[in-house]
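Q: Listed here are the chains, written in short residue letters.
There are 4 protein chains.
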Amino acid sequence: MARLAIRSFASGVALLVLFGSALFHVASCDASSSECPDFFADIPYVRFEGNQTSNLFAFRHYDADEVVCVRDTCRKQREWLRFSVAFWHTIRGEGRDPFGEPTKQWPWETAPASDKMERAKLRMNAMFQFLDKLGVDWWCFHDRDIAPEGEGGDLKETERNLLAMVGLAKELQQASGKKLLWATANLFSSPRYMNGAGTSPDKAVFLSAALQVKQALDAGKELGGEGYVFWGGREGYATLLNTDMGVELDHLAALFRAASGYADKIGWRGQFLIEPKPREPSANQYDYDVSAAASFLRQHNLQRFKINVECNHATLSGHSCAHELELARTQDLLGSIDINRGDPQSGWDTDEFLMDLPEATRLMLVLLEQGGFERGGGLNFDAKLRRESTNVEDLFYAHIASMDAMARGLKAAAAILNDGALKDLKTRRYRSFEGYSLEGRSLADLAAEAMAMEVAPSHTESASQEKAELLFSTYV
Amino acid sequence: MARLAIRSFASGVALLVLFGSALFHVASCDASSSECPDFFADIPYVRFEGNQTSNLFAFRHYDADEVVCVRDTCRKQREWLRFSVAFWHTIRGEGRDPFGEPTKQWPWETAPASDKMERAKLRMNAMFQFLDKLGVDWWCFHDRDIAPEGEGGDLKETERNLLAMVGLAKELQQASGKKLLWATANLFSSPRYMNGAGTSPDKAVFLSAALQVKQALDAGKELGGEGYVFWGGREGYATLLNTDMGVELDHLAALFRAASGYADKIGWRGQFLIEPKPREPSANQYDYDVSAAASFLRQHNLQRFKINVECNHATLSGHSCAHELELARTQDLLGSIDINRGDPQSGWDTDEFLMDLPEATRLMLVLLEQGGFERGGGLNFDAKLRRESTNVEDLFYAHIASMDAMARGLKAAAAILNDGALKDLKTRRYRSFEGYSLEGRSLADLAAEAMAMEVAPSHTESASQEKAELLFSTYV
Amino acid sequence: MARLAIRSFASGVALLVLFGSALFHVASCDASSSECPDFFADIPYVRFEGNQTSNLFAFRHYDADEVVCVRDTCRKQREWLRFSVAFWHTIRGEGRDPFGEPTKQWPWETAPASDKMERAKLRMNAMFQFLDKLGVDWWCFHDRDIAPEGEGGDLKETERNLLAMVGLAKELQQASGKKLLWATANLFSSPRYMNGAGTSPDKAVFLSAALQVKQALDAGKELGGEGYVFWGGREGYATLLNTDMGVELDHLAALFRAASGYADKIGWRGQFLIEPKPREPSANQYDYDVSAAASFLRQHNLQRFKINVECNHATLSGHSCAHELELARTQDLLGSIDINRGDPQSGWDTDEFLMDLPEATRLMLVLLEQGGFERGGGLNFDAKLRRESTNVEDLFYAHIASMDAMARGLKAAAAILNDGALKDLKTRRYRSFEGYSLEGRSLADLAAEAMAMEVAPSHTESASQEKAELLFSTYV
Amino acid sequence: MARLAIRSFASGVALLVLFGSALFHVASCDASSSECPDFFADIPYVRFEGNQTSNLFAFRHYDADEVVCVRDTCRKQREWLRFSVAFWHTIRGEGRDPFGEPTKQWPWETAPASDKMERAKLRMNAMFQFLDKLGVDWWCFHDRDIAPEGEGGDLKETERNLLAMVGLAKELQQASGKKLLWATANLFSSPRYMNGAGTSPDKAVFLSAALQVKQALDAGKELGGEGYVFWGGREGYATLLNTDMGVELDHLAALFRAASGYADKIGWRGQFLIEPKPREPSANQYDYDVSAAASFLRQHNLQRFKINVECNHATLSGHSCAHELELARTQDLLGSIDINRGDPQSGWDTDEFLMDLPEATRLMLVLLEQGGFERGGGLNFDAKLRRESTNVEDLFYAHIASMDAMARGLKAAAAILNDGALKDLKTRRYRSFEGYSLEGRSLADLAAEAMAMEVAPSHTESASQEKAELLFSTYV
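Residue numbers (this note's numbering), protein chains in the order written: chain Y, 1 to 476; chain V, 1 to 476; chain D, 1 to 476; chain H, 1 to 476.
Chain Y with its partners taken away, still in its complex shape:
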């Protein structure tokens, strides 16, 4: 009965379906129950079928267990790519925007709004069913994605809710073999955080944030999470006229230090990550880009932290995503990637699925150059359906297209690195410095060497960018 109802959502025009008794039935939808509705009953398991398939529910390029070698390192595609599905977008995305109401009517949102924990359980099951159908190994979540706040902000109830949902997630993880890439706390949605969380001028709000961070760290540890992310959506300011930037940044650093100390104390060895974004929702966010985050980490001596680069945030900050990855990589700060893309004509975070092969290849070149991800790193789909895409099938099309693009990018980047032609072009450019160290040479020494040339060089060698781009284009 529930299945039939759900099926009608999954195709054509969405209709408001009122479940009958099924509703109360699914109330027992937890890990131990076989009664939980199959939300994706009409969707086949997505498997690798190769480039010639006409099946849209198949991978043309992503072959999870195919081994790809980069120089001397050989790994399966799933190990290089470490795809992760984001709970907030895929399960909780409702299609609201600043000018309009929600458009999605997902089949897992059928319990009465008043029964928050029932809805939470349905969603968690939907998440693991989705991972299963799609063949993705990892997931990510915010605390509030998976468990509702207690009534009226009651802190004990909030804690109970989170613990219950972590328990269910743990059972589902064990049953499925799926793993948690990273957890995070939502410190931006509640009105209490409108003026900041770690940077709030209100101590009670700061304390609330600290509590959420502690509980999310505990939850992540319980679920075997490899990483923990801070995204400072409200950590910034709207006008300097009412803001004490120095105080706010000191408070933020204190919160990060406290989190790091707590991880040590409870013996969690995962990776802390900061996720830069230049603005939105804050008019000006402190973690503007990789440089702002790196500078902050250095200033406050926060050594357990790396950076989670989101591609759409990179472009909003005026950089290409590859730039931000490379800038982090060269400072040993590249931890993980929120894989998505923006609309080049829009000035806000559109979180679209990246499906572009040349771009995928540029990103994978940086990742492979550093030998792939370490602990806590992966390609997390911080990407959402367009508001106008309302079918359950659309969720699959989007992930499939992006997974295939990244798999093609992986193979193209591996070929580029293995062939070496581009690398040779780069190496040749710096050959005049071979065997010459700048260490220990004073400015007077360098100037004397220059004077000895008698004539300053009138030109320098062509950078041959178009040759490099032509070479690149033969791989994509």
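To be clear, the hints were calculated from the coordinates, so they are not data collected in a lab.
Possibly wrong hints are sitting among the right ones.
Copies of the same chain look alike in the list, so a pair counts if it works inside one copy or between any two.
Claimed, not checked - Under the rule of at most 30 Å between Cα atoms (straight-line distance), these lysine-lysine pairs were calculated in the BS3-like manner:
hint: 1; residue 1: K426; residue 2: K133
hint: 2; residue 1: K203; residue 2: K426
hint: 3; residue 1: K133; residue 2: K423
hint: 4; residue 1: K423; residue 2: K203
hint: 5; residue 1: K133; residue 2: K76
With the hints as your guide, set chains V, D and H onto chain Y.
A: This is chains V, D and H only, laid out in the frame that chain Y set:
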């Protein structure tokens, strides 16, 4: 004779005037000569006349010797503002743009193009005449602005040229009492620097840059310069496909370290400054913004450096100018300001004169908050006439309008700080943290304090931005 | 009782106040009832007190009945400026953003959510109380701002709701003397419009839009509205891969033509207005800017339409607001202005209150050049409090600051036009064309005239932009 | 001798080579002379070799004579694509930028600077040699690209120079079979045009522009040019304070009308084209984008004009290139394409070679939808080498990479259109309007139809953007 000819340039439609014998006469235009033409003979000395004057060649607001007090500190306007004229724009600006040829026909560009040193002397005299007429105390220059490269890049001749022009400048400084705010080396115009200077992949180019830096430091010291600026116009990259970012940044840090060591060695106590810009001419510049520069300085432990914020560069990097100033100030890195503005609709560096009172006030608020400039700091007019402004008078209108705007901004900012209403609003916002230190509190402690509230705060206090803006608007 | 409760909202930290019996009492809050709570009891009437006042609830510059003369035309400030308050932002703004929940707890939102018509009546009363306290003559609304849709989209109930609220508004207008500047239909919030309204690929949705337009036109006529605005928030596309642009634009033109015909039929003589915006919510909106709207109007021969320029939309489309106003004015298409501003660093519609005198003056210069507004035109505050501003007082500070800025701009622009110095500078630039008509001269004629010069002009006169800006700055 | 010298330029580090007697030898380089140096002696003829070749001087995808069918229309690739090389970038590009001097030392720039006509002849030969080596059929030029102005602006000499070079070009065209796609006049480089050409406030400047247009039309006709382009680089304004927009736009329209009349008079049947750009060099250009140009054409009833869309200009105006093409196409205004791309992070015109397959496919989809180019239309490479690319080989790499990308895009777009899956998805979305005409239905009729539904639709069908994108990605 020369004067007559020049006068015709200075008004109405510019005409191509062919100097006759006058040309060879001005060839003896150096500090010791009284024969040098008066390039601004038709322009009156610009003096403070107050807001009611109808004279466009007067200051309505800038009264150099008027004392302005901010809290307990009282200084003359000239000391708070430390205006500086930029040799490159005001004397050397020719009105070329990427789509068109030069439009200016300045009277000091009348010597034959072949006689480079004569032209250089005329320009230097024009500079000091301009400072004199306008009543500005400081100037700034690049090495190549004031002295031509030797023929075919001959390094000895280059050095001789620079020394000669520094000698002339020193005499003119002594005669006039004008002072050098900072010097810098032009490491971007020559084709040799097309792939970078400190980051060039070509060692010979790197050495050429090092030589220029040494000579410019020597020149700055000789002229009593208070600062030395690095602007890395070509220190960046065009495509990652041919770029080794890690190597390039290490080279750049080595150059900065060498410069710092050399300053110690020769006993120059001035301030080193880095000037961020996100792009242009480089597609991607390493010193993107204050955060990128600060991060680099910290990573490479470059302690003698502060930051020279250019307002147009700030906005090109996606920040307000006040943001960049405040971000530098809170890290004790705010050294100097290149005062100008961009066109909000254009995506390149337009270097327009800032004439907007509210913006001037926002900038001065930050500057006054840190107690004004220290050694090497000032308001340097890195601003140029529009290409279509070709009269000598236009140079004066532009500087006058901007000096008046900054002087109004100074007085408005002082009033805001002295009145205290805005400060009170800000202080009140943080009052819940009074007497509460985050030092030494563990995450578990903070979480326990939060749990003791039993209920998370549902809201937080209004940030009252519009009230702050209304207050601000009563001053401007 | 209600007043006490409301007072507590209007200051300090907002609290969730649960009204007791008061709630049901206000249920009779309609025009005939004196029982309606006074939502702004603590706010004094805002009156002109002049620049020296320290009262923040007073106008320093806006003196509604002061007469301002521009050349030969003399009008009161209220007639030049025709301020209008926007129902949607001021009364319905809830502080939601894409990353967070509502933050406002306005005292007029106290009826149970289930009693939609009661809430609607409270809001309408709040609107007229606000207009009264602030001293603004005009208001604007969307159909859905003032009246809720019928349950489950029931069309008869929707109509009844709208008629009821129009009736109440009419009574309140008559009692207060306030007037309707323009009405509009909300064709963007409902999920039905996610793919467009007039451009929806779904006929049923197109029909729904046509019905709303008809009803909103009827409502506007009933209330004596001077204008009717189309804002095509969803009239655009997200990807060309699924869009037939030609068909969609033809449908949109058909809707506009039908509306125009209906106005003729019912004898409504008001002004139709199109409001351009480049994107958001649509990824690409058809009415991108004034040129796109003008081109569309010409292509489809829609002659009863002018343009409503919103300043924040102007800057999002890459133009200054003054540019859009002037471009519309020179084509006799400038109808009305949504007065606000964007954040120069943000790429979305921030709808901030314009409080900047130089900008206000630039806008008023264009408006005064065309002799002020005609029927249907005014300065409508399409501006909202920042999400973090949650006090009732903040609504007043924001409007007061912007009204004062616009009044200062009016007076500065009038002085500029009356003094004539800037106009002279402009006129002088074109003097070579005086008495010379291009009409009837063939290219061969023009070329022959040119050849007769023998030598092409090497230069042309200075545009003296900085002189013009200096002159401008003496007025602001 | 000359050849040897040239060869050294074409590879490795460029050197300043001083030609000896060779210089005067090449002075006889005109069409009738076999003495002209072979500037590309070291470069092989570029031919189609297929995707497996390792030869960088070969096409992998562009097979000029391969027939590609779109629905029922079959044409050779060269006929669909109509590639054209731009004289200004490829032959005249010198690598200057706003911050630096020229970097290129092309072998055809070896005549003494004083011998302007000799240099012009060398360049013209280089152009045709380049077309020959690359296998491109078409070229485009500005008047000043191919012939120098007369000394001191002497108009008769200017005319003689142009006629001489047109004569040489005609001979070279006849000898080679190459054809002129379109001509244009450079109305932006000379300082005389700094305030505009057709919009200059100076009548003498306007006349100079008219003369250039006449001569360029004559030249285009003589060379059999299919089109004539107006690019209004200086037709705009810098500040409204000194600008009469209405007068300027009327003047511009008068110039366009005169040109159109002249074409009729001399019997030239080619296509006039306007090329939009939002800004740069003008701060605000009147032909901002396709809508601005279309609106202007309609307002002034200029019926012989279509639009030349430049991709980089499209993105600078806030649109995708495909958007501008489609917007022009649906109004029957799409004439030609300047094929290039911008840097997504830069806010100015970078004119890079488009090498991206997905983008090429998006553009070709629009072009093929309208059945390819008509008279005067083609893919003109308004694209330049990066400033740092200084080898002659780089010119080839750039064009080859872009030609291959466009050829791949052509084939992918043809496959998409021939397969029909994407088209079906689009058609299905509009199916509810099948057989339903909006013509003649009044708003009252439409509203009555809506009321008959009784309930407004709560939702509408999924737009399935991700499905469309997934389908698209299987072709690229």
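Q: Can you list which hints this structure breaks, lowest number first?
A: Failing hints: none at all.
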